[in-house]
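Asker: Letter by letter, the chains look like this.
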Amino acid sequence: MALLNNRTYERYDRQIALKQFGKTAQLKLLNTKVLVIGAGGLGCPVLQYLAAAGIGTIGIVDDDVVTLSNLHRQILYSTTDIGLPKANRAAFVLQQLNPDITINAYHTRLTNANALELISEYDIVIDGTDNFASRYLINDACILKKKPLIYGSIYRFEGQVAIFNATDENNIISANYRDLFPKQPEEHEVPSCNEAGVMGVLTGIIGMMMANECIKLITGIGTPLINKLIIYNSLNNEIFETAIIAKKETTNLIPVDEKAFKAKQYSFHCLTEHSFIDIDIEEFNRLMNEENTIVIDVREKGEKPVVSAFQHINIPMSILTKEMPVIHQKNILLFCHSGIRSATAALLLSNGSNKVYNLKGGIIKWMAHQQK
Amino acid sequence: MQITVSTFGQLAELTSPKIIVSDVADTVMLQQKLEEKYPCLQNITYAITVDKKIIAINTAINAASSVALLPPFSGG
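Protein chains in written order, with numbering that gives the first Met the number 0: chain A, 0 to 371; chain B, 0 to 75.
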């Protein structure tokens, strides 16, 4: 059990000085283990404030590397970090900020193969990911492992924050993400930050709200967002709050046990492992020159960047989801902005007799690669 | 009787931040009217709140009800 010595006391003195907080709350923080999944726009401010506040053990899960377009919002990283793993860079920066706490970096993608083992090592989980597959996977894993989940997500100028799956003093478990949105939406229903754009300040605000809820949950001060969801609008500063009720029917949507969880298909990529192939830029460039091959852009009309470097046709997702085109070529190469919508298109177009390929990272990555 | 429905995120962009709907007595009727007006809602995930509570079953509404449509956000 972590205790306060002279040095750590001084470090946390200004929050210990708060009457509602005091030494007791500080010791609770020092003896809590928090797992932060996603060290991006939300994860960075969450991590920075939790490390500064003295959460005793912090785990960071992220399989991504730092890119230049991350830096306007992912404030733990510097220009010299480009190309380096986020989990490791974040851990390094946080350890410098606070050498008195333990930080574990996991440079890996959270999947249903590793989620339960990772989560079971921690007391609280924080979801700072950027896709529905991960959000549902984390929600279900937290239910199976009985861990409270701090949730935050954003869309353009708005952000949502809530605490899911918290257990109260009477052993009653609060509402979870599936009480709000029971079924996982398809990824293309909502554009990602890459596609929709995002203000760095918004991820900062929402990330700090998440860190604040985490501290409240651990220390028992204030009223945490349990059985509640807030939506913050950064353009007009309005906060909408709604109650969420834990429903019996939601239980039917959660995998019954760990085995069922590991067998469940959360990501479109898992689901379609055998029906289409994710390819990198080199393979894309090689395949586009093969015979009997067609390249299709599934972005909507008018989306940028305009592609003129290779021959292709445009069939927007909005049309593909309504009417299936007849394609005679055997090899179908698909791309979109960042590779998410085209993965869904690949799923729709694959019919067993053709070979469907999805450009991983989308046209943005392809263009960046050509400029090197 | 008119009801003003607030929307958020992508729903506000696809429909309107405030939608005025007339002559609806419950949330099932409301949903039908909204989907007639905005067919895109048929293919989109959203939750309905009445008086700041997420509803799971058909719920009566009146002119004094505050109704909102919440879409899931995935960004981070």
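Any given hint could be a false lead.
What follows is a set of in silico ranges between Cβ atoms, one per label pair, in the way DEER data are often shown [said to hold, decoys possible]:
1) B:Pro38 / A:Pro324: 15 to 23 Å
2) A:Phe309 / B:Pro38: 34 to 42 Å
3) A:Glu116 / B:Ala24: 24 to 32 Å
4) A:Ile244 / B:Ala63: 16 to 24 Å
5) B:Pro38 / A:Lys300: 17 to 25 Å
6) A:Ser352 / B:Glu35: 36 to 44 Å
These are calculated hints, taken from the structure and not from any lab test. Just so you know, these numbers come straight off a predicted model, no measurement behind them. From the three backbone atoms N, C-alpha and C, an ideal C-beta is built for every residue, glycine too.
Asker: None of the hints should be skipped; say for each whether it holds.
Answerer: Tested hints:
no. : hint                           : in the structure
1   : B:Pro38 / A:Pro324: 15 to 23 Å : holds, 21 Å
2   : A:Phe309 / B:Pro38: 34 to 42 Å : holds, 35 Å
3   : A:Glu116 / B:Ala24: 24 to 32 Å : violated, 51 Å
4   : A:Ile244 / B:Ala63: 16 to 24 Å : holds, 21 Å
5   : B:Pro38 / A:Lys300: 17 to 25 Å : holds, 19 Å
6   : A:Ser352 / B:Glu35: 36 to 44 Å : holds, 40 Å
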